[in-house]
Structure formats: structure tokens, C-alpha cells
Amino acid sequence: MKDLMIDVENVTFRYDRREQTDALSSVSFKAEKGKWLSVIGNNGAGKSTLAALLIGLIQPSQGTIRINGVALDEESKWTIRRSAGIVFQNPDNQFIGATVQDDVAFGLENLNVPADQMRLRVTEALETVGMLNYRTADPTQLSGGQKQRVAIAGVLALRPDLLILDEAFVMLDPRSRRELLATLKRLKTERDLTILSITHDMNEAAASDRILVLKQGHVARSDTPAHIFSEETELAAPFSERLRRLLLKKGRRAPESYRTESEMVQWLCD
Amino acid sequence: MAMRLRLDHVTADYQIGPVRSPRVLREVSMSLQPGTFTAVVGPTGAGKSSLLKVLNGLLLPQSGQAEIGDITIDGKSSKRLLKAVRKRVGLVFQFPESQLFAETVEQDISFGPLNFGAHPRNVHALAEKVIAQVGLDESILYRSPFSLSGGQKRRVAIAGVLALEPEVLALDEPTAGLDPTGKEELLSLLKQWNKQNGLTILMVTHDMESVARYADDVVVMEKGRAVFHDSMRKLFEDTERLEKWQLDVPDARRFQLEFEVRSGTRLPRVCLTEDELADALIEVGRV
Chain A
1 MKDLMIDVEN VTFRYDRREQ TDALSSVSFK AEKGKWLSVI GNNGAGKSTL
51 AALLIGLIQP SQGTIRINGV ALDEESKWTI RRSAGIVFQN PDNQFIGATV
101 QDDVAFGLEN LNVPADQMRL RVTEALETVG MLNYRTADPT QLSGGQKQRV
151 AIAGVLALRP DLLILDEAFV MLDPRSRREL LATLKRLKTE RDLTILSITH
201 DMNEAAASDR ILVLKQGHVA RSDTPAHIFS EETELAAPFS ERLRRLLLKK
251 GRRAPESYRT ESEMVQWLCD
Chain B
1 MAMRLRLDHV TADYQIGPVR SPRVLREVSM SLQPGTFTAV VGPTGAGKSS
51 LLKVLNGLLL PQSGQAEIGD ITIDGKSSKR LLKAVRKRVG LVFQFPESQL
101 FAETVEQDIS FGPLNFGAHP RNVHALAEKV IAQVGLDESI LYRSPFSLSG
151 GQKRRVAIAG VLALEPEVLA LDEPTAGLDP TGKEELLSLL KQWNKQNGLT
201 ILMVTHDMES VARYADDVVV MEKGRAVFHD SMRKLFEDTE RLEKWQLDVP
251 DARRFQLEFE VRSGTRLPRV CLTEDELADA LIEVGRV
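Chains as they are written, first to last, in the UniProt record's numbering: chain A, 1 to 270; chain B, 1 to 287.
Calculated from the structure, these hints are not laboratory results. There could be a bad hint or two in this list.
[Claimed, not checked] With a cut-off of at most 30 Å between alpha-carbon atoms, the simulated BS3-like pairs for lysine-lysine come out as follows:
{"#": "1", "chain 1": "B", "residue 1": "Lys191", "chain 2": "A", "residue 2": "Lys250"}
{"#": "2", "chain 1": "A", "residue 1": "Lys215", "chain 2": "A", "residue 2": "Lys2"}
{"#": "3", "chain 1": "B", "residue 1": "Lys195", "chain 2": "A", "residue 2": "Lys185"}
{"#": "4", "chain 1": "B", "residue 1": "Lys234", "chain 2": "A", "residue 2": "Lys250"}
{"#": "5", "chain 1": "A", "residue 1": "Lys215", "chain 2": "B", "residue 2": "Lys191"}
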């Protein structure tokens, strides 16, 4: 087995002790280095809480989280954050700098990266997300999708080992989304980057290595996309699976289990 | 009376003090018929949100003019005129739940109408009406908006705009970040208001599935220009043009194109939903 990037054991979290229910309850899962893990579940299932826990913004009331072999606590979180980055859903919550390049450089400044190195990394990160032309623009003047790209660049510039995306693509047009996903996939292979992506996009989830399904604060399932989409029929499904289910419903010929889009096209051609 | 929206050669930018931003809208002309459900699509930074802001009087044309019913806005329009426009065109921003501020949902919803001069006595009934309209229980009115889930907050924020009883509802990516169920519910609500109450809807979105399933018409924005304004079907028929505008097609259509290339079989028509695709596959005897 490969080294673990994320090892979450029995984690429970409650925002307010007066409340009756835990936001997360006895959550355990692992993610190997260099893998893409999608986290899916309805609004209120605890996905963003999980992201905040993994980066040490909040502390679990029970259980342990190990990032790259190190137990996450008040002391170790500063070291861990040098190699783990998070991008939130609403980029307006994340802007600091007066220009796009200042904003991307902010994290690097905190890490005392030398100035020439910093310039290089900022340029590289902005190029990756396709925002190099906007480097001197005021981030607050950008469109929603452009802001989101800058926020992603800010984290990529840190060259993290672990990238946590909390619905970080929702404001992007489908094409930029696909391009960025392809870029991240490439980085995943080249740099052994581990990605944990919280998403409602089932086509994106279907393309990941594993899927974690959260339901009301519990891990309902953790498995490969093929197993999850074949067996968890109450979940929203990627397109190929929606088509497969519809054909069955219409009493037509269809594959007996989940197929990726390409496999489904092939099946129809045979 | 049904109200028409018209833009006539609208050019606009964001000016802050002496600093001018590049033009965000260039010579945009269009006419929106009352009672239509129009999607606004295009790459990030194409001017989609700015278009909505012009219709709501938040962004004034630098040249050209916008007609909101019988009101004409141009670069020199008075604040009073703009207030009248904002009553007619309700604007729901991106992540509108971040605007919630009051102690209770009812206070939050009432804020707009009270500012527009509604009588405090009538506001309660209005709040009850709109909270039901967005599909939430009346009991939510007495809760803190901050105790609600993301999907509920979004609906409360939209209820706050509906409380102004606008004739046009302009929404900027209203389903961003909602789970698939919440998204379907919200879009069905919009469609229902559109069909039953004749509310004119203008919705900025990146999601071609929503466009294919809910919109009658589509406006395509590209680099500040409106390069297309026609029926949704027409938009998706021309694959080359979509490519040029860097627009995606709905899942079903993408699947269809891939299938046609690999099988050498052409399906009888352009399919935009899985239902249409399944029926076409049945028709050609593939399943």
C-alpha cells in the first residue's frame, strides 16, 4: 500500500454543544498519496466541516487526523499548512491583496520564500489557471469565475502536497472547469499531488479515483466511482449512468452495471 | 401591464475615481419580451453579471440607454428613477446568502419592502407569502437566518428579493454550490413562477444542463458583447458556432456527438436531455 496523505480516524465534531446533532460523527477514511478523492453529499452533510477540520481551522471533539503521517493539532497545523492548501467555494472570502499578483504572493510571503523564487512561482501559478494577463488587476473587480481562478492560483503557488477544493469550481464556465481539472490531474501525476475535492458535479466525481459519500455527518460509503454509481441508486449520477438507468426504466437493453461515458458509447456501438 | 426590457447600444465600465476599467459591456443591444425565461451564458469575464447590473440600475451606461418598461436609464439618471427600476427588476447576486444580516428571517425579508415604503402592517403577510413561494415552512420566519443550511439561506435571500414583488427577476448563478436536489428544486420554482405568474426571468449560468432544461431563450455574451440572442434550441444546433464562443453543450448532446463519430450512425435530431437521447437511440434501433 502506498503512503497515506490523509488518515482520518473516528472524527466527531459539533459546532454548538447546545445542539443535538453532530456536524460530523465518527468519520473515518484514508486517502493515499497521489490520489484524487471526491467528497459528495447533500448540503448540510458535513462536507465543508470536514474540509475545515483537515486544514485545522476547527478541532475535532473526538478522533484523530493525520496529514502525511503527522497528527494534526494546534502546534503541528502550522507546519502542515505549508504543504496543504485549501480553496473555498466563495472566492470573496479569500482575498487579501490589492492586485492579483500580490494576492497570489501572499501565501509565499508568509512562508518567507525569496523574492526571485516568489516571482517565478506567482507567474507559474497564474499561467496554470490562465490569469497571467490579469496579474496587475484589482481582484475585487474580477468576475466570479476569474476570482475563483486567482484563489486557486494562490494555493498552487504554495506547491502543496495536498490540495483541498471545497467546491472551488462552481463559478467557472464548463470549459475552464474542464481545463483546470485536466491541469490538476497532470499536477497530481507529476508532483504526486493528493487532491480532495468536495463537489456536486457527478461527472467530476466519476473521473476521480475514489468517492466518499457523506450523509448527515456520517460516511455512508467510500468506494470507487464504478461501485458507488452502480449500487447507490438514490444518488445523483453522472450522465452515462443516468442514461443507463433511463434505458432500463424504458424496458430497453442496457449494460448491467455502471459504465463510464466512453465505455457506454462503446457499448452502444458494439 | 407586461413590461418590456430593452438595451440600446449600451456601453459600460466600472469607474472608481479616476481609474477606468476596460469596457465590460460594448454596444449591447437587445430586447427581452415579458414572460420569457432567458439564460445568459458565456465565459468568465464576458460581462454577464454586468448585464444584469445595468437592468437593475446598479451599473449605469456610459453611452446608450436601457429601457425598463417606460423608464429610460442612461448615464445621468437620477437616484429616484433608479429606485423605481430596482423595484421592478429584482436582482439576486452571486451567493446572495452572504447578504443575510437580520436577527430573524422575517426581518431580513421585510428589510427591502420597508425601504421601498411598504406599510409595516402589510409586511408580515408579504413575508409569509414569499417564504411559501420559495418552498419553505412559515416557521422559518422566526429563526435566525444563520441557523439555516446553505440551500435554505439561498432561498431566504431570494425570498427577500421576491418580497419587492418585481416584474423581472434577474439571478446571477443562483444554483452555484447547491446540491443536485437543491438545484433542481430551485430551478423548478423559477420555472413555476415564470409559467404561472408570468415573471420574466433572466438567469446567468454556466450550467448547460439547466439551460437545456429550463430556458426558452439564450443570450451569449463574449468579451462584453451580446453575440447571440435567440431560442435555446437554435443555440445548441450549431456545434461549430458553440465551439467558437467556447461554450459547452449539454451532457446528452456531447454524448450524442461522441456516439455519432464512433458509430458512424447519425441520430435523427439534436438531443439535449437524456430522455431525448434515449428516444433517439430507440428510434435508430440501438437499444
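Structure-based check of each hint:
1. Restraint check for Lys191(B) and Lys250(A): the C-alpha separation of about 27 Å stays at or below 30 Å, so the hint holds.
2. Pair hint Lys215(A) plus Lys2(A) holds up; C-alpha atoms about 28 Å apart against a cutoff of 30 Å.
3. Between the alpha carbons of Lys195(B) and Lys185(A) the distance comes to roughly 43 Å, so the proposed pair goes past 30 Å and is violated.
4. A threshold of 30 Å between alpha carbons decides the hint, and for Lys234(B) with Lys250(A) the separation of about 28 Å falls inside it, so the pair holds.
5. Between the alpha carbons of Lys215(A) and Lys191(B) the distance comes to roughly 29 Å, so the proposed pair stays at or under 30 Å and holds.
Checked against the numbered hints listed earlier, the structure breaks hint 3 alone; every other hint is satisfied.
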